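*Asks:* These protein sequences, in sequence, are chains A, B, C and D.
Here this note's numbering is used: the first residue of the first sequence is 314, the next is one more, and so on.
Here this note's numbering is used: the first residue of the second sequence is 314, the next is one more, and so on.
Here this note's numbering is used: the first residue of the third sequence is 314, the next is one more, and so on.
Here this note's numbering is used: the first residue of the fourth sequence is 314, the next is one more, and so on.
These are calculated hints, taken from the structure and not from any lab test.
Just so you know, these numbers come straight off a predicted model, no measurement behind them.
There could be a bad hint or two in this list.
[As the list claims (entries may be wrong)] Here are the simulated lysine to any residue pairs, SDA-like style, with alpha carbons at most 25 Å apart: (1) B:K404 to B:T357; (2) C:K404 to A:S482; (3) C:K410 to A:M314; (4) B:K410 to B:L373.
[As the list claims (entries may be wrong)] Coverage of chain D stretches by chain B, computed from C-beta distances (three or more under 8 Å per stretch; other residues unrestricted): (5) 356-369; (6) 461-473.
For glycine and all other residues, C-beta sits at the position ideal for the given N, C-alpha and C.
4 protein chains.
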Amino acid sequence: MPTFRPRIESSVLIVIDEQPGVMKAIHESERVHRRSLFLARLATLLHVPILASEQVPDKLGHTDPTLWGLLSFPAIAKTTFGCCESADFIKAFRDCKRSEAILIGIESHICVSQTALGLLDLNVRVAVCPDAISARTMEMHKIGMERMRDAGVAPIHSEAVAYEWIGTSEHSRFREAVQLVKEFSAS
Amino acid sequence: MPTFRPRIESSVLIVIDEQPGVMKAIHESERVHRRSLFLARLATLLHVPILASEQVPDKLGHTDPTLWGLLSFPAIAKTTFGCCESADFIKAFRDCKRSEAILIGIESHICVSQTALGLLDLNVRVAVCPDAISARTMEMHKIGMERMRDAGVAPIHSEAVAYEWIGTSEHSRFREAVQLVKEFSAS
Amino acid sequence: MPTFRPRIESSVLIVIDEQPGVMKAIHESERVHRRSLFLARLATLLHVPILASEQVPDKLGHTDPTLWGLLSFPAIAKTTFGCCESADFIKAFRDCKRSEAILIGIESHICVSQTALGLLDLNVRVAVCPDAISARTMEMHKIGMERMRDAGVAPIHSEAVAYEWIGTSEHSRFREAVQLVKEFSAS
Amino acid sequence: MPTFRPRIESSVLIVIDEQPGVMKAIHESERVHRRSLFLARLATLLHVPILASEQVPDKLGHTDPTLWGLLSFPAIAKTTFGCCESADFIKAFRDCKRSEAILIGIESHICVSQTALGLLDLNVRVAVCPDAISARTMEMHKIGMERMRDAGVAPIHSEAVAYEWIGTSEHSRFREAVQLVKEFSAS
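If we strip away everything but chain A, and leave its shape as in the complex, we get (with noise of 0.2 Å):
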C-alpha cells in the first residue's frame, strides 16, 4: 500500500467540535483556531470539501463563525464523541465521496480521537493536525497524539498538508497558498 500522502481531489477536512463555548477552557486555543482557519481558508481555495460536527450545538453553541462562514455543508450536530457514531455524520461524510480526511479541532484525547479511530474503522485514510488540535491540558493532548499515531493516524502539520496539496509552486494557486502561510503563520 502506498505511503500516505493527501491529495485535493481524496481529502476531507473535518473541524471538530471549535465551538467558542468549549474552545475557552482548551490549552492554546488561539493557536488551535489561528492553524484551524489556516487550513479551512486553503480547503476553500482548493475546493477540497469542508465538514465540521458540533457538540450539542443548543447548548454550547455554534462553530466560531470564522471557521462557520467556510464550511461546505451545514455543521453537524452530535451528541456522541465521535462523528462516525452519527449517521447524519456518516452521510455528510460518504457523500463528500473521498477516501481521505484531515482532522483539526478538540479535543485531542476524546472526540478527535474517537472520530480518527472510527473513520480508520471504515477504511478511511485519517491524518491529524497536531498543531490545530488540542485538550484541555497538554497532558491528554500529548497522550491523544500518542494513540493516534500507534492505531496508524498520520500526523502532519497543516502547512505540510497545505504543500502536499498544492504539490508544486507552478500550481496556479500557489502565491495565495504563500499568502495564507504568512498570514497565519505558526509558531
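Please arrange chains B, C and D on chain A, whose structure you already have, making use of the hints.
*Replies:* Showing chains B, C and D alone in chain A's frame:
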C-alpha cells in the same frame, strides 16, 4: 481488525498494587491515586468490573481504602510481579468474561508492564492510562510506557476511557460522569 | 527482511534544497549546514554518490557553495516540493543504481517528508538524519520527523550513517573519517 | 508470537565497549557504569551469561575492571563497530545457546545500534536498557534509541529486566536482588 475502543460491556478495570506502603515511594503518587479513584468511581457507576492486585499484602498492606471499597471482587494477593503469573488472577479475570483490560496503578515498568504484556499474550486487548500509572522515577515510567506502546498496549488517558465508555451525552449517566470529571480534574 | 543498515555500495546521499536564501529562515540552520557538510565530505571520501535538489533556483538561488562543490551530479532544479515528482530527479536517482537513500536538508515536514515518502513508494529504503535536517520552527521539524518515522523512514544520526558506511576501524579511510567527525563535531 | 519478556534461561547480557578510555567522553558515563554494574551483578547472581565487547583494546584499553571481573567469558576484541560482524563474537554468542540479548554500554547510535540490529537479523530477540547506555551527546543517544525502537528493539529499563528475570518475590535470590536495586539506585 478494528481499532481498540474500550466498551462498557467488554472492559475490566485492573488496579495494580495501589498499596499506600508502596505508593509512598512513587513519583507523583497523589496524582496516580486521584486519577485511579476517578476511573474506579466511573467504572462503578457504569458497572464495569474492577479487579485489583496486591503485592504480598501480608507485608506491604492492602489497597488504599478509598479504592478498596469500589472493588467488584476481593483484591488478589500475588507474589509474582506480573498478574498473569497468578492463577488466582487469571481465574478472576476469566470469570469476568471480558476481552479488554484497562490498567492503572504501579509501577509502570515492572508490575504494570508485566501484566500488560502477559494479557496481550492471552489475546486480551490492553490499554494503560498514563495519567493513572507511575513508577519511583519519571525515567522508569517513561521507559515503561515506551516498552508497552511498542508491544501493542494502547495509551489512553483515563478521561478518554471515560468518554469511550459513555459514548454520548445522551447516556443516562452522562451528568454523573461529567461531575466525576470535574471532581477529580486532571492537571 | 533484514533491518536497514546503510552500505557504501547501496547508498545515495540526497541533499534537499540547502539554498542559502531558504536556509536563512530555518531553525538552527548553521547546525544543519555543518552536519550536511560532514556527511557530504564523508560520502565524497567513500565514493557514495551525492544528489542535490534545488527549489526554483532561478528565484531562490543555488545550493550552498561548500556543498555544491561536492555534488556527484549537477543539482536538480525542481518546482514540486517532493523530489520524486520531478522526472529529472527520478532519472538521476535511477542512474545511480542504488537502493538506499540518506536524506538531509530542509524542510523536515515539507520537501524532506514528501521526498522520503515518495522514495518509500518506489521501494527505496530511506533514512533521514535528524541532526542534518530542520524546518522553520522546531515544532514543524518534530511533527515532520514523527510522520516520517511512522511511515517507515529510519531516523539515523549522520554520525551513525558514517560508522555504518565505514563499518570497521580497519577501513582504509577510517582515520580520515574520524578526522571529519572531529572537525564537524555535533552538539 | 508472544511478547518479549526476558527470562533467565534465555538471556545473555552483552556489555558493549565499556572501556574507561572511551567512557570518559560519554554523556552521563557514571550513570551508565552504575546501571551496567547493577545488571551485571544481578546477571552473575542469577547465572545469566555475560559477554563483553571491546573496541580495539590494544589502543583503547580494556573494559572497566569492576565489570571485567563479572564476565562469563573473556572480553571479545573487535575492530568492527557492530559486534555481529566479529566472528569471535558470533561464536561466543552461539556458544551461549540463548535466544535473547540484553544490551548495555556505548555508544547508543553506533556500536549499540549496529549490534542490536545485527542480532535482530540473526532472529535474536533484543532489548536495550536505555538507563545503561549512552553516547557522547544526549541527542545522539535519543536518535539511536528511536532508530532501535523503530527497528524492533525493546526498550526495557535495567530494573525492569531484573524483575522479569526474578519473576516473583518468592525467588530464592529475591532479597539479594532487592539489595542490588537499592545499592545501585537509579536516578
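*Asks:* Against each hint, give a clear statement of whether it holds in the structure.
*Replies:* Now for the hints, and whether the structure bears them out:
For the proposed pair B:K404 and B:T357, the alpha carbon gap of about 21 Å is at most 25 Å, so the pair holds. Of the supplied pair hints, the one linking C:K404 and A:S482 holds, its CA atoms being roughly 21 Å apart against a limit of 25 Å. A threshold of 25 Å between alpha carbons decides the hint, and for C:K410 with A:M314 the separation of about 24 Å falls inside it, so the pair holds. At roughly 30 Å between alpha-carbon atoms, B:K410 and B:L373 are farther apart than 25 Å, so this suggested pair is violated.
Under the rule that three or more residues need a Cβ within less than 8 Å of chain B, the assignment of the region 356-369 of chain D is violated, with 0 such residues. With 7 residues having a Cβ less than 8 Å from any Cβ of chain B, the region 461-473 of chain D passes the three-residue criterion, so the hint holds.
Checked against the numbered hints above, the structure breaks hints 4 and 5 and satisfies the rest.
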